[in-house]
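Chains A, B and C, in that order, give the protein sequences.
According to my numbering, the first sequence is numbered sequentially starting from 27.
According to my numbering, the second sequence is numbered sequentially starting from 2.
According to my numbering, the third sequence is numbered sequentially starting from 137.
Source of the hints: derived by calculation from the structure; they are not laboratory data.
Just to be clear, a hint being listed does not mean it is correct.
DSSO-like mimics (lysine-lysine), calculated; alpha carbons at most 30 Å apart, straight line [as the list claims (entries may be wrong)]:
hint: 1; chain 1: A; residue 1: K194; chain 2: A; residue 2: K162
hint: 2; chain 1: B; residue 1: K193; chain 2: B; residue 2: K104
hint: 3; chain 1: A; residue 1: K245; chain 2: A; residue 2: K162
hint: 4; chain 1: A; residue 1: K194; chain 2: C; residue 2: K401
hint: 5; chain 1: A; residue 1: K162; chain 2: C; residue 2: K343
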Amino acid sequence: MNPSALSRQNELNCSTSGSGCIVDCGTSNLCVSELSVFYRDHSAVRDVSLNIPTNEITAIVGPSGCGKSSFLHSLNRLTDLIPGCRVTGSIRLCDGTEITHPQADILSLRRRVGIVFQRPNPFPQSIRRNFEIPLKEHGWHNRDIPDRMEAVLRDVGLWDEVSDRLHKSAIALSGGQQQRLCIARALALDPEVILFDEPCSALDPIASGVVEDLIHSLKGKVTVAIVTHNLAQARRIADHAAVFWVRDNAGALVESGPAARVFSDPLDPDAALYLSGARG
Amino acid sequence: MPTLAPPQKRRVFPVLGDRVFGAFGMAAALLSFGLFAWIVWDLARLGFPQLSWGYFTGEVEDSGRAGGIGPLLVSSLLILVCCLGLVIPLGVGCALWLSEFVKRRSVAARLVTGGVDLLASVPSIVFGLFGMVFFGQVLGMGFSILAGGLTLACMILPILVRTTLSALESLPADLRPAAAALGLTNTTAIAKILLPAALPGIVIGITLGIGRALSETAALIFTSGYSIRWPETLGDSGRSLSVHIYDLALNVAGGNTMAASSALVLLALILLVNSVAVALSEHWLRRRHQTP
Amino acid sequence: MTSSKNTSLSRSIDRVAQGILGLLALVSGALVVLIVCFLFKGAWPAIEAGRLESFFADPKWQPGSVRDPQFGVVSMLVGSTLVTLLAVALALPVGVAGAVFHRFYAPPALERWNRRILELLIGVPAVVFGFWGLSVVVPAIVRFVPESSGQSLLAGGIVLGLMILPIITLTSQAALQAVPPAQLQAAAGLGLGRARTIWSIALPAAKGGIGTGVLLSLARAVGETMAVVLVCGNIPQIPTSLFDPIRPVTSTIALEMGYATASHKALLFCAGLILVLFTAALVGWLSFRRPAIDSGTGGA
Chain A
27 MNPSALSRQN ELNCSTSGSG CIVDCGTSNL CVSELSVFYR DHSAVRDVSL
77 NIPTNEITAI VGPSGCGKSS FLHSLNRLTD LIPGCRVTGS IRLCDGTEIT
127 HPQADILSLR RRVGIVFQRP NPFPQSIRRN FEIPLKEHGW HNRDIPDRME
177 AVLRDVGLWD EVSDRLHKSA IALSGGQQQR LCIARALALD PEVILFDEPC
227 SALDPIASGV VEDLIHSLKG KVTVAIVTHN LAQARRIADH AAVFWVRDNA
277 GALVESGPAA RVFSDPLDPD AALYLSGARG
Chain B
2 MPTLAPPQKR RVFPVLGDRV FGAFGMAAAL LSFGLFAWIV WDLARLGFPQ
52 LSWGYFTGEV EDSGRAGGIG PLLVSSLLIL VCCLGLVIPL GVGCALWLSE
102 FVKRRSVAAR LVTGGVDLLA SVPSIVFGLF GMVFFGQVLG MGFSILAGGL
152 TLACMILPIL VRTTLSALES LPADLRPAAA ALGLTNTTAI AKILLPAALP
202 GIVIGITLGI GRALSETAAL IFTSGYSIRW PETLGDSGRS LSVHIYDLAL
252 NVAGGNTMAA SSALVLLALI LLVNSVAVAL SEHWLRRRHQ TP
Chain C
137 MTSSKNTSLS RSIDRVAQGI LGLLALVSGA LVVLIVCFLF KGAWPAIEAG
187 RLESFFADPK WQPGSVRDPQ FGVVSMLVGS TLVTLLAVAL ALPVGVAGAV
237 FHRFYAPPAL ERWNRRILEL LIGVPAVVFG FWGLSVVVPA IVRFVPESSG
287 QSLLAGGIVL GLMILPIITL TSQAALQAVP PAQLQAAAGL GLGRARTIWS
337 IALPAAKGGI GTGVLLSLAR AVGETMAVVL VCGNIPQIPT SLFDPIRPVT
387 STIALEMGYA TASHKALLFC AGLILVLFTA ALVGWLSFRR PAIDSGTGGA
């Protein structure tokens, strides 16, 4: 059974309720409650509760150092890679899987919750290998891999550009192409959620626009959480917005809700100043 | 969103592969950890019973089956002295010229560093051939401690050049303009400021070179020779400790235990020299971190 | 006035110092040329007398024989090649596995000790390795294969392999450390397991650095004399099994130079020349390769 199909079915069974930062897994794919991230004894994120709605785009904005990236990385346990990093609280997938559980199957978890980083990081191998390695690892049959690769490369609009050089090194692509390749690579695993960690900030404006359009096109197909510094970009693509701010030396969520409301009429004074461009 | 058949194959690699890598890797790491202990244990088992004060001071008797290694220790020391006497001025001078007088990318600098790097790749037995002809025959030294020492000097030259060069290059870049601004000549700046500052690195290089020179055998067989008498001058032939081990193991039936004793002594000497190098470098590293 | 005098004096001191240091550098850089020249000089009688032909064509090496002197070096070249390849074949998987263990499995506290031990191993003199091989590895081979003498291609391969093991481990470890963290992060983000990350991401990315270590250890192993001369049996023949004795080029020089005369001696110099050319070629290839390794991680 396709896990993402399963999740969509679950979502139909869920009762629909208003969005907001209350802990209620209504239409949400990811329910975060009271999440804190510590680096040794310093706390980087404190007590964040947030729902990330299914198949919509949630933008996470805020000034540098307010814990946005730490928060995002804890959503698929990449924080495990950092020595001395500790996460408390609860992150629940739609089917009830508890991500922060110590015995969670991290590898299949990361298949279900993909991530795209700030700097494109294709493996320095052929374009084809970039898809073969993760797909094989997650049990796809060899014969299915070429079709799968073509489908996601078409999804990101890269197929026509690279179909004749799939055996060439992925490093030879331009920055924007590399980033789209990384998105395609994440999509190939058929995740329920994709996390984007400032995916456009290392790209030139034109490539940035292409990637932005691509992320926008994922709406309705997969749940997206995107950390961005670019407020205009967040306004253009987000359905929901969450504003992080530093409170008592730790990152905290100060505002969240439908993007239109958050951007036009923020309740929190710091968020209001930040969103109006006066601070941060 | 393209949806395709989800994972169906049983995934064996992630778990099994991880176990295999871990087990094989641990075995490999244990091998390199254990190997050293194994070698020391075998040498000690065979060679320790023969060690005594008399062993270190006595003459070699019965081709090495009995007696001690006194003359060999003296010969080894003298070979080392000759070696350092040539290699220190040559190596330090070469590194100084490369770092202070020519541009890094100039043709001359590249030729010299290329030559030194190639020198590092020459097999030690070839140094022996060269030393035999050049020092022994052309310069008329014959089989002598001096010829052996000078041959070893050629061999460890690349080590000293490399370490001195990196010591000079890691000095703070503003030392040189500071010296120039005070109107110091190049010579004064080098002798009074740069060399003292780079001394730790140079000393470490020399210690590493000593370790290498002590362990060398092949380059000495045809240069300093096999004589087991107490050396009287640098012109005498003298057998080094390493050549003694070689000779006992290859040519002397029943010399096994005595060879192990000599090997144990040699290994201890080299461990001592290398530990000094490590201790020095850690000491200086710490001091550098402490000074702001 | 005094000052200008001093200035001109110190200028000339500077010039003299520069001259002396330049001369030292010239000597250091030219030493390798001098070595090759003297090898040529030593080898010249053989080259002049047209012996090089018999060097490669003669089937046997019996330079001392009065009735039928033969100077075939092929068996020794084969011996050198085989023992070197065997050593690398044994040391490469073990060294890389050890490096992988320390990079991905072992607790970081172990790392310091690991480095220390490997450096100690590199410091062990070749003659000690050879002697240890003779008194431990050779008897062990005899125990398992009683019909062999123990002194064999296999013994040489094992001892040489153990000698180059720390070199391969250290260079592989450095290469694995240099794998960009972004690659490992990407692998983790895709849910790749540790084994898959090592096999498909880290090792391919570290290939260049590991290759450098292999070339370095090849150069070291081919030129090694003491470790092989004591354990290989020293019979100049092309081996038919792992348990046959062989005689590498370096051993021949060490064993025969002491008594060789005339054309025999010249041929030994030829052998030395071949060794130098081979290791120089390896090192040349290495420095030619190095820039290619650095650019492997470049992105857009």
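Against the structure, the hints:
| no. | hint | verdict |
| --- | --- | --- |
| 1 | A:K194 <-> A:K162 | 20 Å, holds |
| 2 | B:K193 <-> B:K104 | 22 Å, holds |
| 3 | A:K245 <-> A:K162 | 27 Å, holds |
| 4 | A:K194 <-> C:K401 | 54 Å, violated |
| 5 | A:K162 <-> C:K343 | 22 Å, holds |
Violated hint for the displayed structure: number 4, the only one.
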